[in-house]
Structure formats: structure tokens, C-alpha cells
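Asks: Listed below, chain by chain, are the residues.
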Amino acid sequence: NAGVTQTPKFRVLKTGQSMTLLCAQDMNHEYMYWYRQDPGMGLRLIHYSVGEGTTAKGEVPDGYNVSRLKKQNFLLGLESAAPSQTSVYFCASGKPGSSYEQYFGPGTRLTVT
Amino acid sequence: KQEVTQIPAALSVPEGENLVLNCSFTDSAIYNLQWFRQDPGKGLTSLLLIQSSQREQTSGRLNASLDKSSGRSTLYIAASQPGDSATYLCAVRGLDTGRRALTFGSGTRLQVQP
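Those sequence lines, one after another, are chains W and Y. The numbering used here numbers the first residue of the first sequence as -19 and each following residue consecutively. The numbering used here numbers the first residue of the second sequence as 3 and each following residue consecutively.
FYI, nobody ran anything at the bench for these hints, they're computed from the structure. All of these numbers come straight from a predicted model, not from anything done at the bench. The C-beta atom is built at its ideal place from N, Cα and C for all residues, glycine as well. Mixed in with the good hints, there may be bad ones.
As the list claims (entries may be wrong) - Covered by chain Y, according to a simulated footprint, are these stretches of chain W (three or more residues, beta-carbon under 8 Å):
id, stretch
1, 16 to 25
2, 50 to 64
3, 80 to 86
Claimed, not checked - For lysine to aspartate or glutamate, the following DMTMM-like pairs were computed, each having C-alpha atoms within a straight-line distance of at most 20 Å:
id, chain 1, residue 1, chain 2, residue 2
4, Y, K44, W, D18
5, W, K75, Y, D98
6, W, K37, W, E10
7, Y, K3, W, D42
8, Y, K3, Y, D98
9, W, K37, Y, D41
As the list claims (entries may be wrong) - Across the chosen pairs, the derived CB separations fall in these ranges:
id, chain 1, residue 1, chain 2, residue 2, range
10, W, L49, Y, G18, 49 to 57 Å
11, Y, V22, W, T91, 32 to 40 Å
12, W, S60, Y, G18, 49 to 57 Å
13, W, V40, Y, P16, 37 to 45 Å
14, W, V40, Y, V22, 29 to 37 Å
Start from the sequences, fold in the hints, and give me the full structure.
Replies: Next up, the structure:
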């Protein structure tokens, strides 16, 4: 039981390049989330999904797209990377229940030059 | 819009001290509140989760309290150890049934000196 995994762990992009971050969970959770964490700030919600085939915007969605084609995977795409997207990206999953507790992946450190 | 503030931003204490980390939030209409630990370059580890109907939760040397009406939570760490050195994040979960996402504070960076 690996929990929540993220691929890749590190990446350096040039401005204008595109990439996809992959999040996978093996806990059969319905809910999945993408957050970003910038220095000195808490995590901020980018996009989320409440089930397979559904996605919705969070607080800071501009410049990102997401897809949830399979229940266990949640992809975050950057179509044209910008230096402002340099950040650490965390994926989380959770299931409906009494607490909606979320379980976090180890993060992806992205640098855009 | 919910805002979460954590004070202090950084704290350094000698080993063995008892300490309190503070968290405040602007909207008292929350579902629950979680405290996380984050080690450098690592992900988040959940420490304690307090439902909105609860006043406190305890796990080992950790005790978290919640005063929803005043928008405050505290994390009490007893007999601190160097291994407790990390950043501690407070997060509140809203009542929005559509997403149940967390709003995070910016954290308190704790260093426990041996």
C-alpha cells in the first residue's frame, strides 16, 4: 500500500515549456486535490476532483489544467510554464466520511527558469 | 474568504521545554481543523484532527485544542525533543460539501536545541 505517490520528484523547465505532473493513490479515495506551496506561505488549492471524470477549480487555477480519467490518478498540466509557477506541488486524496481527512504525497519541486 | 494565521512564524527552544503553537482563523464556520508536521523537503504528516464539535484531541505528547467561536486553535507539545524540529501547519476544512478542501496557515518553524 503505497498511499499517495507523485511523479516526478524534481523538474526544471524553461519558460514556455509544458509538462504533466502525475498523482496516483491506491486507497480507492473519491476526492483528490492539487496544492502548491510557496516559500513562507501555506498550501493553496489549485484544482480538485470529487470523483472520476470530474474536476473543479480551486483558489489559484490560472495556468493549470487537470484531468481525472481514472479514479486512482489525478494529472496536473502546465501548458506554458512561467517563472511564477516555480513552487512545490502537493497532491492529496481523501474519501467522504466523518472527517474527510486528506493524505498527502511527498511533493514535486518544480523550477521554471 | 477564510484566512488562517499562525504565530509565531519561527520558534527556537531548548530540549525539554513545553511549548504552544497558535493558529487563528477568520471564519468560525468550519467542519474540522487539522495540525500537520512537515519536515524539510518532505510531504505533510497529519498529527491531529479536531472535529468542529470537539474541544481537544491528544496523541502522545501532543495536545490540540479548538475554540471555534473565537477562531483559535493551539498545539501543545510537552517535553520537546530535537526530533520535534519541523514546520507545523494548521489547516481548517470548510463546510463546502462540494470540495472539503483545506485552507492552510503559513506554518510555525520549530527548532528544538539539544
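Asks: Now tell me if each hint is right for this structure.
Replies: Now the hints, each set against the structure:
{"no.": "1", "hint": "16 to 25", "in the structure": "holds (count 6)"}
{"no.": "2", "hint": "50 to 64", "in the structure": "violated (count 0)"}
{"no.": "3", "hint": "80 to 86", "in the structure": "holds (count 7)"}
{"no.": "4", "hint": "Y:K44 to W:D18", "in the structure": "holds (14 Å)"}
{"no.": "5", "hint": "W:K75 to Y:D98", "in the structure": "holds (15 Å)"}
{"no.": "6", "hint": "W:K37 to W:E10", "in the structure": "holds (16 Å)"}
{"no.": "7", "hint": "Y:K3 to W:D42", "in the structure": "holds (18 Å)"}
{"no.": "8", "hint": "Y:K3 to Y:D98", "in the structure": "holds (12 Å)"}
{"no.": "9", "hint": "W:K37 to Y:D41", "in the structure": "violated (28 Å)"}
{"no.": "10", "hint": "W:L49 to Y:G18: 49 to 57 Å", "in the structure": "holds (52 Å)"}
{"no.": "11", "hint": "Y:V22 to W:T91: 32 to 40 Å", "in the structure": "holds (36 Å)"}
{"no.": "12", "hint": "W:S60 to Y:G18: 49 to 57 Å", "in the structure": "holds (52 Å)"}
{"no.": "13", "hint": "W:V40 to Y:P16: 37 to 45 Å", "in the structure": "holds (39 Å)"}
{"no.": "14", "hint": "W:V40 to Y:V22: 29 to 37 Å", "in the structure": "holds (31 Å)"}
Of the numbered hints listed earlier, those contradicted by the structure are 2 and 9.
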